[in-house]
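Position chain Y relative to chain Z; hints supplied.
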Amino acid sequence: MELDSLYQEVILEHYKRPQNKGLLPNQTVQVHHVNTSCGDEITLNLKLTNGVISEISWDGVGCSISQASTSVVSELLKGKSSDAALSVIETFQAMLQSKGSDRGDESILEDGVAFAGVAKFPARVKCALLGWMATKDAISQSLALTGNNAKKEQK
Amino acid sequence: MNYFDVSAVQADFPILGRQIRGNNRLVYLDSGATSQKPNSVLDAERDFYTQHNAAAHRGAHQLAEEATELFESARERVAAFIGSKVDEVVFTKSATESINLVAYSFGNAEQGSRFHIEAGDRIVVSEMEHHANLIPWQELARRTGAELVWLSVSDDGRLDLTNAESIINSKTKVVALTHQSNVLGTINPVNEISKFARRVGAFFVLDACQSVPHYAVNVKELDVDFIAFSGHKMLGPTGVGVLWGRQELLDEMPPFLTGGSMIETVTMQSATYLPAPKRFEAGVPNMAQAVGLGAAIDYLNRIGLEKIHQHEVQLTKACLERLSQIPQLKIVGPSDMELRGGVVSFTLDGVHPHDLGQALDQYGIAVRTGHHCAWPLMKRFKVVATTRASFYLYNDLADVDALVSGVERARDYFLGR
Chain Z
83 MELDSLYQEV
93 ILEHYKRPQN
103 KGLLPNQTVQ
113 VHHVNTSCGD
123 EITLNLKLTN
133 GVISEISWDG
143 VGCSISQAST
153 SVVSELLKGK
163 SSDAALSVIE
173 TFQAMLQSKG
183 SDRGDESILE
193 DGVAFAGVAK
203 FPARVKCALL
213 GWMATKDAIS
223 QSLALTGNNA
233 KKEQK
Chain Y
0 MNYFDVSAVQ
10 ADFPILGRQI
20 RGNNRLVYLD
30 SGATSQKPNS
40 VLDAERDFYT
50 QHNAAAHRGA
60 HQLAEEATEL
70 FESARERVAA
80 FIGSKVDEVV
90 FTKSATESIN
100 LVAYSFGNAE
110 QGSRFHIEAG
120 DRIVVSEMEH
130 HANLIPWQEL
140 ARRTGAELVW
150 LSVSDDGRLD
160 LTNAESIINS
170 KTKVVALTHQ
180 SNVLGTINPV
190 NEISKFARRV
200 GAFFVLDACQ
210 SVPHYAVNVK
220 ELDVDFIAFS
230 GHKMLGPTGV
240 GVLWGRQELL
250 DEMPPFLTGG
260 SMIETVTMQS
270 ATYLPAPKRF
280 EAGVPNMAQA
290 VGLGAAIDYL
300 NRIGLEKIHQ
310 HEVQLTKACL
320 ERLSQIPQLK
330 IVGPSDMELR
340 GGVVSFTLDG
350 VHPHDLGQAL
360 DQYGIAVRTG
370 HHCAWPLMKR
380 FKVVATTRAS
390 FYLYNDLADV
400 DALVSGVERA
410 RDYFLGR
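Protein chains in written order, with this note's numbering: chain Z, 83 to 237; chain Y, 0 to 416.
With the rest of the complex left out, here is chain Z (with noise of 0.2 angstroms):
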């Protein structure tokens, strides 16, 4: 059945037990992100240390892909380094915008090739992205933080 390949067992596990879910303190930058359509949304904790991911903990309300996704990009990025972690999110995203074509790298993606599916449902592209552009959007603002302050320390 077709709702089988949106809703895949990954998918709802990962609903029902979310990995990274409660808001950790110290963080570098908090994002806080809406699907305007659905109204779910995501507030995202992330720290870097030295350039690397150290932690990234998120609270929300949301659907099952929204909040499942969120859950995996959490656990699959933690311990990469910003620009490792960033060429994923892309990996992941063009998968989503392949309208089906690309079934994703499970290599690359792990679990996040559960939402291979999701593409097909256009939809719900962005419930899948949400957690993920949160992500990017933390590691950006987290780049531009600690490289202002390395200047500030330069001057």
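Honestly, the hints are just simulated from the structure, not real lab data. Where hints are given, some of them may not hold.
[What the hints assert, rightly or not] Incomplete in silico selection of chain Y near chain Z, CB under 10 angstroms:
no.	residue
1	A365
2	T368
3	G369
Glycine residues also receive a C-beta, built at the ideal position from the N, C-alpha and C atoms.
Below, chain Y without anything else, positioned relative to chain Z:
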């Protein structure tokens, strides 16, 4: 009980013959967002383009005469439908534009005008407004420095009128309210509230998008100054909306959109404007859409609004009763049929509306999920979103059955695994 031949009505709507996600029958329960269109409306629009297309109110040729005649006869139909004078009906592109027209016109009024709004004045809305009847007033308040105040909503989805008299105080210039909530289905006691507005001389703007398509709305019986509604929610085409306003107000209000068709005289430096409705219809109008709306009104009249209303009450009552038996389900809005229209919003414990809507879609059932352009109301009820089923004349009890079993099936799909 059948108030009219529903299967004959269904046969007039070609889209209802479509199959969805495989070979599921389309169960369309999203008429609150937009209604489907009968053949007669599609034919009227096509006939306008194939036989009569020309710019109305311009040119002396035969087609221009016919286009003008058809466009104006659509206005007459709308006027008769709501019990108004013909010149009190302004065609806009949407109900959203209708409300913006009033808000911008008031904003354009100079000091000394009775429409002028400034710091110290008050604009009153309610917590159950659709964004279309909230943001234009937020913006007007921001531009003028006026204060935006609102009537709150009680737990059972009714307007809380206990402090209405102090909220609609002597500083109030505008009260903007929805006739029926697009989320809750609540029908507001308009004349009871307009008494407060009248007492302080405030203008009363009514968002009638969810009422005019479904039951008789007569402006002679409503103690309001303006009503706004859209054509596409009442079997008509997209791209046409209506603003009704009291003639003495419309003729005095400053224009909103300016340009051709709405002027009386023009020099290089200034212009004078025609009376309503032309004053508010700048540019070549949406003729084919207005003609389509006229055909939609003919269709609704042929069935009869009273019968349509009774039919929807019957479906809504059955829907509320049956959905209430699902233990995980909560109705958001009044649970009885007192002052209530054919819109049923609900939440299902453990299943997000977006997921529920997705599963229902897989079974061929089209519902609305999300915040329904009423974000503040969602916050009021402490929900992120709801699932909404809305009924119209082409729905039947089999659609209610499909919804109820679809919700149960979706629940088992998500919670049973």
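Hints, verified against the model:
Because the smallest distance between the Cβ of A365 of chain Y and any Cβ of chain Z comes to about 12 angstroms, over 10 angstroms, the interface hint for this residue is violated. Using the Cβ-Cβ criterion of 10 angstroms, the hint placing T368 of chain Y at the interface with chain Z is satisfied: the shortest such distance is roughly 7 angstroms. The interface hint given for G369 of chain Y holds, since its Cβ lies 4 angstroms from the closest Cβ of chain Z, which is under the 10 angstroms cut-off.
Figure legend: structure checked against the earlier numbered hints; the only hint not met is number 1.
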